[in-house]
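Protein chains in written order, with this note's numbering: chain A, 2 to 292; chain B, 410 to 682; chain C, 410 to 682; chain D, 121 to 399; chain E, 504 to 838.
Since the hints were derived computationally from the structure, they do not count as laboratory data.
Just so it is clear, the structure is predicted and the values come from calculations on it, not from any experiment.
Certain hints may be false.
As the list claims (entries may be wrong) - In silico DSSO-like pairs for lysine-lysine, Cα to Cα no more than 27 Å straight-line:
#1 K738(E) / K287(A)
#2 K749(E) / K287(A)
#3 K726(E) / K738(E)
#4 K159(D) / K637(E)
#5 K396(D) / K149(D)
#6 K351(D) / K210(D)
#7 K549(C) / K738(E)
#8 K331(D) / K396(D)
#9 K738(E) / K670(E)
#10 K670(E) / K749(E)
#11 K549(B) / K549(C)
#12 K423(B) / K549(C)
#13 K738(E) / K423(C)
#14 K81(A) / K396(D)
#15 K749(E) / K738(E)
#16 K149(D) / K351(D)
#17 K149(D) / K210(D)
#18 K549(B) / K287(A)
#19 K235(D) / K333(D)
#20 K676(E) / K637(E)
#21 K637(E) / K670(E)
#22 K738(E) / K424(C)
#23 K738(E) / K676(E)
#24 K637(E) / K149(D)
#25 K287(A) / K829(E)
#26 K549(C) / K637(E)
#27 K331(D) / K210(D)
#28 K549(C) / K829(E)
#29 K726(E) / K287(A)
#30 K159(D) / K396(D)
As the list claims (entries may be wrong) - Here are a few chain A residues that sit away from chain C, every Cβ distance over 12 Å (derived from the structure):
#31 H20
#32 V50
#33 S95
#34 A104
#35 G124
#36 L225
#37 F276
All C-beta atoms in this analysis are idealised placements derived from N, C-alpha and C, irrespective of residue type, glycine included.
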Amino acid sequence: MTDTAFGQPPGVQRTAEIHDAYMAMARTRRMYGGILLVVFVALMASGFVMADSRNAGGFWNGILNVFDFPSEVLSEAADKVALLPALMVQFFPSLVETINIAAAATLLGGMTAIALSLLSTRGLARFPRLIGLFRRVMDVMRAVPEIVIALVLIFILGGGPVPAMIAIAIHTAGALGKLFSEVNENASLQPVEGLQSTGATWLQQMTLGVVPQVAPNWLSYALLRFEINIRASAILGFVGAGGIGYDLKNAFSWGPGRYDQVAAIFILLFLTIVFFDQLSSHYRNKLAGKA
Amino acid sequence: MLTINDLTRRFGDKKAVDAVSFHIERPAMVGIIGRSGAGKSTLLRMLNRLTDASAGRIVFDGQDITALRGRDRRAWQSRCAMIFQQFNLVPRMDVVSNVLYGTLNRRSTLATMFNLYPTADIRRAIGILDRLGIAEQAPKRAEALSGGQQQRVAIARALMQDPAIILADEPIASLDPMNARIVMDALRRIHEEDGRMVVCNLHTLDTARTYCDRIIGMRDGRVVFDGSPAQLTTGVARDIYGAGADFSEAATSTDIETLDRHQYERGKARALV
Amino acid sequence: MLTINDLTRRFGDKKAVDAVSFHIERPAMVGIIGRSGAGKSTLLRMLNRLTDASAGRIVFDGQDITALRGRDRRAWQSRCAMIFQQFNLVPRMDVVSNVLYGTLNRRSTLATMFNLYPTADIRRAIGILDRLGIAEQAPKRAEALSGGQQQRVAIARALMQDPAIILADEPIASLDPMNARIVMDALRRIHEEDGRMVVCNLHTLDTARTYCDRIIGMRDGRVVFDGSPAQLTTGVARDIYGAGADFSEAATSTDIETLDRHQYERGKARALV
Amino acid sequence: QEIDEFRIGILGGENAQDRMTSNECYRAKAEELLGVPVKLFTPADYDGVIQGLVGGTLDMAWLGASAYAKAYLTDPEAIEPVMVKTNLDKSYGYHAIGFARADSGITSLADLEGKVFGFGDPNSTSGYLIPSIEIPQETNASMESGDYFCEVRFTGGHEQTIVAVSNGDVDAGVTWADGMGEWEDGYNSGALRKASDAGLVDMNELVEIWKSKPIPEGPIVLRKDLPERVKLDITTLTASLPYMDADCAYNFMAGEALGFQPISHDAYTSIIEARKSQI
Amino acid sequence: MRVALDAGETAEIDGPTLRYTRPGYGTVTAAVQGREIVLDTPDGQVPDWISASSARVTITGDGGRAVVTRARTEVYAYSFGWELFFFTLDSPFHGRTLGELAGLAFSSERVVPGQSNLSAMIGDIWNNSMWRHKDVLWAIFETVLMAFLGTMGAAIIALPLAFMAAKGFTPLKPVRFGVRRIFDFVRGVDALIWTVVLARAFGPGPLTGTLAILVTDTGTFGKIFSEALENVDRKQIEGVASTGAKPMQHYRFGVVPQVVPVLLSQILYFLESNTRSATVIGAITGGGIGLMLTQAIQTQKDWEEVAYYIVLIVLMVMVMDWLSGKLRGALIGRR
Ligand SMILES: Nc1ncnc2c1ncn2[C@@H]1O[C@H](COP(=O)(O)OP(=O)(O)OP(=O)(O)O)[C@@H](O)[C@H]1O
Ligand SMILES: Nc1ncnc2c1ncn2[C@@H]1O[C@H](COP(=O)(O)OP(=O)(O)OP(=O)(O)O)[C@@H](O)[C@H]1O
Ligand SMILES: [Mg+2]
Ligand SMILES: [Mg+2]
């Protein structure tokens with residue numbers, strides 16, 4: 002048999018050339034790596050120094066006192082530990098409001114995200130020319146912080162949960178849309194093509210060919226987002242959008258004497274987040290396990 | 410019946426399919442062979458209108474296929490079923506649903522989005538699965554099936570379309586020999602029993618010789634052979650594959666019965682160790 | 410040289426490898442065949458000590474391999490190179506680095522952490538790549554290579570280990586016939602030129618027959634055949650694969666030279682359409 | 121004992137940049153006098169300044185009485201009051217003013233039963249503390265939502281309260297004013313005056329519905345740990361500001377006032393008690 | 504005293520009398536007479552752009568606003584705004600066309616003595632007291648700085664911790680459990696709340712915001728990194744292990760090359776999203792563009808300023824998004 006596997010016989014000169022070229026490449030690569038590292042360290046260091054000098058308190062003094070405030074809160078909460086359950090009950094309705102805002106916003110934002118993401122995924126898009134447009138729309142929706150949309154909407158619509166919900170939904174649509182379209186890009190086009198070859202419409206190709214593949218990932222991202230949105234809707238309370246964040250901010254800024262409320266709200270919030278975290282990771286594992 | 414006229418497809422500078430013309434008079438089983446990149450898949454995809462032609466025409470029963478748009482194109486696709494090398498099923502859905510996707514073109518988008526199909530269709534789907542010997546798998550997810558079973562599901566979907574032509578793009582390339590045989594037998598049977606035209610890209614010469622009535626050989630986008638299995642001599646095959654005289658694929662043959670045929674010559678005696 | 414004694418591996422209740430014993434006297438090229446799930450991979454993995462044996466012994470040149478721990482086990486692994494079906498390269502690293510991983514056992518942990526290797530090693534790695542005909546690919550990332558090239562990188566890594574045994578677990582199962590041929594040729598040449606023992610799991614009978622000096626057939630974890638390629642008759646093969654008498658793999662042969670050999674009989678004449 | 125910089129916290133309620141600008145001349149004078157860099161910090165709410173003072177990262181601030189009480193209650197050893205602003209009539213007090221939209225028909229607390237009432241910041245004296253003590257005395261009911269008022273809300277600050285009332289988001293709210301001059305001008309100084317000057321509200325559209333007893337003006341506080349020399353320098357600078365630079369004093373004092381006079385912790389014991397009682 | 508306003512309006516103050524002239528309507532006169540203010544309009548009616556009582560008259564025209572109370576009379580001229588984007592009224596360059604400015608920039612005749620025209624112009628733009636370009640730019644820089652330091656710091660701290668929290672890397676279950684709960688806790692509390700907690704120790708300023716981002720993201724990164732570690736492809740590790748490599752080498756060659764792209768892309772993704780959070784956090788700690796924006800909204804004075812800040816923020820985040828995408832492409836390579 003002939004030696005198709007081995008091409009030309011090993012030439013000493015040729016390997017030497019390849020060796021030199023490779024060594025040169027390895028050296029430049031090492032050099033670039035070194036430069037990158039130095040630049041990064043320099044950026045970090047100078048950035049830190051600058052932030053430190055523009056801050057009222059310095060880092061090294063502050064780090065020693067980090068626990069002053071938490072311990073103040075905790076000691077007061079510990080003194081009034083008997084009151085905590087009652088307080089938690091008192092704040093529970095606000096918590097429910099917060100979760101409702103998050104759930105509605107996630108649902109609304111998620112639906113929009115699905116549509117936007119399918120329209121902006123290469124290979125799947127209904128109008129391939131408009132992919133860029135839909136992507137920019139998502140970019141803008143994502144770029145504006147919720148709190149800004151909320152503040153503007155609060156001015157237009159007045160305080161309360163609706164502006165918060167819309168604000169979070171807009172942001173969610175942008176953020177999930179990007180993640181979803183990444184998922185879509187990894188979806189196999191084979192089933193889509195299979196359906197297309199039977200003469201299916203675009204909507205059929207998407208719902209029957211793409212959704213079953215990506216739905217678990219979508220859901221897992223949406224659950225993750227739901228968690229984030231619970232936090233976000235709690236935070237929007239800080240600017241007057243209702244819910245538990247509003248109570249938290251008022252208790253916090255009143256200070257000594259109401260730290261028991263702070264503690265109670267904190268416990269509620271934390272339990273909620275852990276609860277939904279566990280719930281969503283449970284479902285995500287289940288989905289991943291099936292896939 | 411099916412006439413292809415100077416069909417060409419360019420990808421950038423490259424002509425994947427280059428002025429291909431042939432004519433198929435009546436429902437036959439046609440095999441297309443050629444090495445990787447010869448343009449086999451592109452040709453089939455143009456037939457199904459998954460890929461648009463750059464030039465040339467496809468005419469089926471007097472209708473110009475290349476000119477169809479939108480709804481008409483989808484209608485043609487539903488008459489011209491396609492089977493893929495990687496099966497292209499929806500892996501997470503059950504077998505019957507996958508087969509029912511063959512009816513999508515005829516059903517309303519809304520109903521199908523909720524996976525609602527007429528009972529008669531479901532009965533027919535199971536009948537087809539039974540005919541292909543995989544009715545037991547009906548409730549399973551497509552991804553849970555072996556390759557050969559998945560390919561038969563794909564064939565069932567194609568049959569569900571009740572097509573005039575079945576196109577198969579290397580239907581057995583990702584299957585082991587046993588399953589390959591089952592799938593090719595199924596395709597042949599459909600051709601013979603239902604009298605449907607089957608156009609099949611094949612990787613392996615033997616398969617083409619064994620199953621097809623007519624073989625078209627492609628190389629670099631052009632048709633370089635068109636004839637009966639008997640006309641496909643070793644010389645012609647070497648020509649199609651562009652292999653030198655020393656090239657033999659015997660080493661990777663998977664045949665069991667061809668045992669004592671050839672012994673790889675290494676010019677050295679080997680003892681059992 | 411290599412003796413395997415009642416080697417058994419259980420996964421839960423299931424015996425993946427069941428009291429396998431055989432003896433290989435001198436460096437030979439041994440093929441292991443058997444259908445999916447027969448225990449081929451598990452056997453090879455136990456040889457490399459990637460998987461621990463549940464019972465039985467492996468003895469190589471008088472050393473009990475099954476008993477090795479820690480440093481000694483790693484030293485054995487470096488003498489016993491493994492080639493995988495999916496290549497198991499580090500896809501993001503360049504080809505030379507992947508080959509150099511073959512020396513990890515001999516180099517200090519610290520230096521290798523920063524990807525620093527002696528120039529002599531780099532030269533040797535490129536030499537091996539050149540021997541396998543892929544020296545030009547040296548600076549590319551492994552993931553940028555074709556399957557056949559990747560598998561040759563894996564072989565180069567194995568050679569870099571300068572091993573006494575090369576284990577190959579279905580090295581050509583994910584390759585097309587052309588690349589399969591190149592890879593099998595490379596393995597054979599290494600065996601012949603360097604006198605290394607090669608143990609190779611194979612999917613296809615013909616490959617085993619063509620390349621191996623000795624063939625071991627497994628079924629359900631047990632050795633059911635052990636002999637020379639000549640002894641592997643159709644009947645034996647059917648037995649190993651558990652196929653019925655009607656089974657023939659001829660239809661999927663990819664051989665070009667076997668043209669006029671067999672015509673599949675369907676008892677009906679076919680005309681060119 | 122030396123300091124290497126001097127940090128002044130400025131309370132919220134106004135555009136951060138405006139706050140910076142109004143205090144810039146004071147900062148420059150202090151820098152010149154102390155010989156170390158003087159920096160201004162403008163956290164978004166009262167609490168940021170209080171935390172900074174208690175934590176020792178801010179050296180000086182001009183607090184409201186209630187905010188001082190909070191800082192004192194958190195850590196009595198952290199800060200001390202040194203100066204207080206005196207009004208043109210030499211008093212040092214101001215009032216919490218309850219107000220509503222003129223077209224709402226509300227003219228007194230009695231009309232507010234079952235309506236929505238808005239406080240400012242929980243740390244504000246006039247925006248929360250004093251009204252939350254004095255209003256229940258008049259209505260004979262608590263300030264809990266649903267008791268006398270249908271809802272009681274925090275708007276976040278004086279500006280927000282004024283806007284919320286004039287937009288109708290709340291039926292009435294409280295803010296501060298010196299109580300001198302004309303209502304139509306928004307009084308001589310205070311949040312209403314600022315809002316009206318800025319064109320935020322039309323004073324014609326608002327009516328006063330309640331006025332608290334005089335509230336002591338909030339003190340300028342210094343960190344107790346500061347070197348005596350620094351305390352003295354700052355006190356002198358502040359006291360002499362109206363004579364040195366009247367424009368600067370106007371900006372610094374947010375309106376017309378006579379000047380500053382020294383004050384001690386004792387002036388605020390009643391506020392501290394009030395705050396304690398609110399717990 | 505006469506003031507010419509935009510839209511052809513004029514206001515004239517003559518002792519206690521204000522005359523406000525509006526084209527197409529006529530002249531409105533408001534005069535303080537004793538304790539009363541008397542309003543006189545051409546048609547005797549009070550149109551809806553005038554709010555009048557006996558104590559206060561406010562005229563809100565298209566070009567300005569005039570207020571008359573018993574104590575004082577004031578006219579506010581509008582038209583401030585975009586027109587002053589580059590030069591305020593007190594700048595000698597205000598109101599000149601682009602051509603004039605370009606000419607001035609290169610002429611040797613000095614508008615401001617002792618300073619070249621170009622540098623004077625740049626100085627006037629830079630120190631524009633209406634739009635505060637200097638402060639705005641600083642604020643944006645400070646916001647990005649907070650995001651950068653916080654994100655990178657968090658990643659550096661989270662990486663070793665992630666190994667401790669990953670199954671298959673830490674055999675001790677209690678350690679894994681403990682580290683995971685710490686991640687949960689710091690991540691569960693929003694960065695905004697961390698700023699409140701940290702304000703005591705560090706006071707107002709960008710460092711506090713940085714640390715708040717750092718603390719929260721340590722939790723997030725810890726979780727993501729440890730999941731990435733758990734999801735590594737065993738095949739590659741096995742390939743390395745089959746050569747007899749030592750455990751550290753398994754990590755280095757079997758694990759790190761696999762997770763680095765995931766980590767990098769997550770870090771860069773968070774860098775972008777933290778730029779957004781830093782905007783909000785800055786609003787609380789007193790720094791950055793977020794403070795300017797929230798206060799502009801809360802005081803509701805200048806909606807053009809609000810719009811300007813929002814556009815700036817969107818641009819800033821989009822630039823960061825683009826930048827992090829570029830970096831990702833350069834560091835990881837396109838798939
Ligand atoms: N979408 C595409 N974009 C660019 N080039 C393409 C595309 N599809 C196919 N080609 C090119 O056209 C040529 C023919 O491809 P085609 O897939 O038809 O070959 P084939 O005969 O089916 O090969 P194989 O046996 O590998 O499937 C190839 O060179 C391929 O690279
Ligand atoms: N890690 C494992 N855990 C449980 N069962 C296993 C594991 N590895 C292998 N098995 C089982 O052991 C049996 C033998 O597997 P093995 O991979 O050795 O077969 P094989 O001959 O290599 O098959 P193939 O051709 O599919 O690679 C199979 O039934 C398999 O399911
Ligand atoms: Mg193809
Ligand atoms: Mg195997």
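| What hint numbers does the structure not satisfy? | 2, 5, 11, 20, 21, 25, 26, 30, 31
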